[in-house]
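Using the sequences and the hints given, assemble the complete structure.
Protein chains in written order, with numbering that gives the first Met the number 0: chain B, 0 to 437; chain V, 0 to 437.
Read the hints as simulated data drawn from the structure, not as lab findings.
Computed from a predicted model, the values in this text were never measured in an experiment.
Hints should not be assumed to be uniformly reliable.
No copy is singled out in the list; a pair is fine if it fits within one copy or between any two copies.
As a list, the in silico PhoX-like pairs of lysine-lysine whose alpha-carbon atoms are at most 25 Å apart [what the hints assert, rightly or not]:
1) 94 x 65
2) 145 x 267
3) 94 x 153
4) 153 x 338
5) 153 x 272
6) 94 x 183
7) 267 x 338
8) 94 x 185
9) 65 x 338
10) 140 x 183
Protein chains: 2
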Amino acid sequence: MVDEAREKERPREAVFDASQHPADLAELLEEMNLDQARASLLSLPLSLGADTFAYLDPETQVGLAKVLTRGELAAIVTEMNGDDRADLFNRLTPKQQNALLPGLAQAEREDIRRLAAHEEGTAGAIMTSDYATLTVNLTVKDALGKLRREAPDKETIYRTYVLDADRRLIGSVRLQTLILASPKQKIAEVMERETRAVSVSDDQEEVAQAIAKYDVIALPVVDEDGRLVGIVTHDDAIDVLQAEATEDFQKAAMMTSMVENIGTASIKLLYRKRVYWLVLLVFGNLLSGAGLALYEETIAAYVVLVFFLPVLIASGGNAGSQSSTLTIRAMATGDVEMKDWGRMLLRELSVALALGLTMAFAVSAIGLFRGGLELAFVVAISMLIIVVAGSLVGMSMPFLLSRLGLDPATASGPLITSLADIMGVLVYFSIATAFLIG
Amino acid sequence: MVDEAREKERPREAVFDASQHPADLAELLEEMNLDQARASLLSLPLSLGADTFAYLDPETQVGLAKVLTRGELAAIVTEMNGDDRADLFNRLTPKQQNALLPGLAQAEREDIRRLAAHEEGTAGAIMTSDYATLTVNLTVKDALGKLRREAPDKETIYRTYVLDADRRLIGSVRLQTLILASPKQKIAEVMERETRAVSVSDDQEEVAQAIAKYDVIALPVVDEDGRLVGIVTHDDAIDVLQAEATEDFQKAAMMTSMVENIGTASIKLLYRKRVYWLVLLVFGNLLSGAGLALYEETIAAYVVLVFFLPVLIASGGNAGSQSSTLTIRAMATGDVEMKDWGRMLLRELSVALALGLTMAFAVSAIGLFRGGLELAFVVAISMLIIVVAGSLVGMSMPFLLSRLGLDPATASGPLITSLADIMGVLVYFSIATAFLIG
Chain B
0 MVDEAREKER
10 PREAVFDASQ
20 HPADLAELLE
30 EMNLDQARAS
40 LLSLPLSLGA
50 DTFAYLDPET
60 QVGLAKVLTR
70 GELAAIVTEM
80 NGDDRADLFN
90 RLTPKQQNAL
100 LPGLAQAERE
110 DIRRLAAHEE
120 GTAGAIMTSD
130 YATLTVNLTV
140 KDALGKLRRE
150 APDKETIYRT
160 YVLDADRRLI
170 GSVRLQTLIL
180 ASPKQKIAEV
190 MERETRAVSV
200 SDDQEEVAQA
210 IAKYDVIALP
220 VVDEDGRLVG
230 IVTHDDAIDV
240 LQAEATEDFQ
250 KAAMMTSMVE
260 NIGTASIKLL
270 YRKRVYWLVL
280 LVFGNLLSGA
290 GLALYEETIA
300 AYVVLVFFLP
310 VLIASGGNAG
320 SQSSTLTIRA
330 MATGDVEMKD
340 WGRMLLRELS
350 VALALGLTMA
360 FAVSAIGLFR
370 GGLELAFVVA
380 ISMLIIVVAG
390 SLVGMSMPFL
400 LSRLGLDPAT
410 ASGPLITSLA
420 DIMGVLVYFS
430 IATAFLIG
Chain V
0 MVDEAREKER
10 PREAVFDASQ
20 HPADLAELLE
30 EMNLDQARAS
40 LLSLPLSLGA
50 DTFAYLDPET
60 QVGLAKVLTR
70 GELAAIVTEM
80 NGDDRADLFN
90 RLTPKQQNAL
100 LPGLAQAERE
110 DIRRLAAHEE
120 GTAGAIMTSD
130 YATLTVNLTV
140 KDALGKLRRE
150 APDKETIYRT
160 YVLDADRRLI
170 GSVRLQTLIL
180 ASPKQKIAEV
190 MERETRAVSV
200 SDDQEEVAQA
210 IAKYDVIALP
220 VVDEDGRLVG
230 IVTHDDAIDV
240 LQAEATEDFQ
250 KAAMMTSMVE
260 NIGTASIKLL
270 YRKRVYWLVL
280 LVFGNLLSGA
290 GLALYEETIA
300 AYVVLVFFLP
310 VLIASGGNAG
320 SQSSTLTIRA
330 MATGDVEMKD
340 WGRMLLRELS
350 VALALGLTMA
360 FAVSAIGLFR
370 GGLELAFVVA
380 ISMLIIVVAG
390 SLVGMSMPFL
400 LSRLGLDPAT
410 ASGPLITSLA
420 DIMGVLVYFS
430 IATAFLIG
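This is how it looks when you write it as structure tokens:
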């Protein structure tokens, strides 16, 4: 048992056959060339093939859609879950979409149109229509009968939604509860009132956070009239949260958008994703150089000042990137909101003053040794100001970007560092010029 | 309905009463002082109170454990789920543990001892013992009867585990399947062979990744003899994945350990978590200063060289932190493993050469303008070498740390930047000295 479980960690050595989990089969397909992948996919029973297709990464899906015949693709798409089908459809070119639609039955065509219409990033875009519903007046016995008939087509029947005559969501009931209840009880007696529905237009990350917070298997999605239009399931919530975490992390390293897998991405793609920010930052950092040029005379007179330049500008950037990271993450988890800015700024000021004093003390000892009392004083006072300014900018930038409607995660790391560099140069050399030259 | 759903986004305005979800009640309690929180918690029905207590953050739990009487705490702890109870127990001081144990029944005491014995960070530490089991020879009818009797005590009966006479795990069956099956069928006929059990000693992050990958509600946990000892559920998997993402993100900003919530953490705590790395990096950056001191004569002769110092050292750090972030994330998601190092290094070399050439070109134009052909050449060749070296170090560091048994996430951001700074100073000024002075 334990050894079998270990197998999942080495999918590359696994054989490709119908005994494998679709998630593992998908990983194997992704490593094949398209012709091999097509043949292997078609060798699977149709329903397993459709599940496997749904687990594939978007690029492989689109690639396979090109090499499969219309009939083969239509058969697979018909077997897929509603949400996976709509996702695939959104990834195809209009030409591919038009080729695919006639091969599908009326019900699937309409399901695709409905699900694919929702804006990306919303609850509507990740919800599925494969849920089961009940009405209040059914008995528990009839309800179980209905679920038995519908179960094979549904993504989950562990929680069933209770609707009124207008399809408005009024409650939900767990399968566990139905099994425990007396067969003659009415659904109205055993259901829970539903108060945690989300709206189709809600942000998908918020919906995923709510599923994580309430430990539920799924959350119902309603339209503006309170009518049930879909459910978001726990597995989609995990996918959203993982994708967002990866995205935040990559933004912190100035990748304008996500690289799905660095191990398989092409060198051209990696170059394109990375070069934009790097070159932009070159011009940002040249401003620091321009700042230095303003103080050419001071530098020429006191070359020893240059030795402290790296530590001063790096410290401002380090303190700033600490506070921006903490703020970005707290905003992402909902611990901190826009209205907390003022309060956070005061707290950050206290922390930054304590940090700045500690670091000024550390660096002034070296300043004393290298260049005497005056230099030690200039270096220490610069360090204090630079650390405090860097921290305050680092904390405020995510709020500012968020207010401007931009993603706060863009603010972290190198953007803060570049800003801190310029501030550091100006603070340090203007203080040095005032005390040593003036 | 939609408006009610909105409520959850403003928990601070919600009332504290038994109609709320325990996750919301826990948030309200966390904002009260301990005496208020104690009174509010005790005002809830016991079972809701225990659920709410389980949702509290660790600090509030430990704080409340101090102000509750032994009897009150024992009553709440008895009602909690096995895994939440064991987590709480591990957070208490030995004195608190000894005060609590006599108040519990024998069954709970043994459950705590068993669950609390597993090492932190393993599947054993996050598993729960509230699962239901069946044997192969039961009929579907008897199995449903058994589940009906046991359901109220179990965390989930949506999937039930099938054991042989020695408690070894041989399969599992979904509640959905039991409902669909004929009452007279044997469990052996309807169960699925279980091949995805994890071991108690498996890393909790790997287990959570497996739950995310296979889209399951729970995974069974077995001991070294293949005997079922617990299950890890999807909600615990989400918690693990979120905590790991936060931790990786914070490590990228040099926080030695996690700050739970920057909005409520004390200023003293924030200072302590941040000062360590900042001061350490001060001494790292002073090395760059010491490197500069080696080239005092070169700098004095060509002050213009200093103007390009910020852009050169920052570019090495930026390129390095891009590649370390990509590598860390790919290692965390399992896309890249130790054995891929060599292959990744070759790919990174190609990408970095292309990036370095682009950036050398960008910066040489400015060099030409500021100081003529010789300076432009020195700056361009330095940029190329610094970007390539920074990228290779950035990509290799996570592998190196991982091989040394350290967390690769520690490598990102400022650590890479500081290394790149020192390299940058040495490369730039040795090239400059060779071409301009030598």
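Q.
At most 25 Å between alpha carbons: which applies to residue 65 and residue 338, within, between, both or neither?
A. neither (49 Å within a copy, 33 Å between copies)
Q.
One pair to classify: residue 140 and residue 183, alpha carbons no more than 25 Å apart. Within, between, both, or neither?
A. The answer is both: 6 Å in one copy and 19 Å across copies each meet 25 Å.
Q) Under a CA distance limit of 25 Å, which applies to residue 94 and residue 65: within one copy, between copies, both, or neither? A) The answer is within: 11 Å in one copy meets 25 Å, while 67 Å across copies does not.
**Q.** Homomeric proximity label, residue 153 with residue 272: Cα distance no greater than 25 Å
**A.** For residue 153 and residue 272, the Cα distance exceeds 25 Å both inside one copy (40 Å) and across copies (48 Å).
Q) Is the C-alpha distance from residue 267 to residue 338 at most 25 Å within one copy, between copies, in both cases, or in neither? A) Classified as between; 23 Å across copies, 42 Å inside a copy.
Q) Is the C-alpha distance from residue 94 to residue 183 at most 25 Å within one copy, between copies, in both cases, or in neither? A) neither (53 Å within a copy, 52 Å between copies)
Q | Up to 25 Å CA-CA - residue 153 versus residue 94, copy category | A | neither (30 Å within a copy, 51 Å between copies)
Q: Classify it for me, residue 94 with residue 185: is the Cα-Cα distance of at most 25 Å met within a copy, between copies, both or neither?
A: Cα proximity of residue 94 and residue 185: none, with 50 Å in one copy and 51 Å across.
Q.
One pair to classify: residue 145 and residue 267, alpha carbons no more than 25 Å apart. Within, between, both, or neither?
A. Classified as neither: same-chain Cα gap 54 Å, cross-chain 59 Å, threshold 25 Å.
Q) With identical chains treated as interchangeable, where does the CA-CA distance between residue 153 and residue 338 reach 25 Å or less: within a copy, between copies, both, or neither? A) neither (42 Å within a copy, 41 Å between copies)
Checked against the numbered hints above, the structure breaks hints 2, 3, 4, 5, 6, 8, 9 and satisfies the rest.
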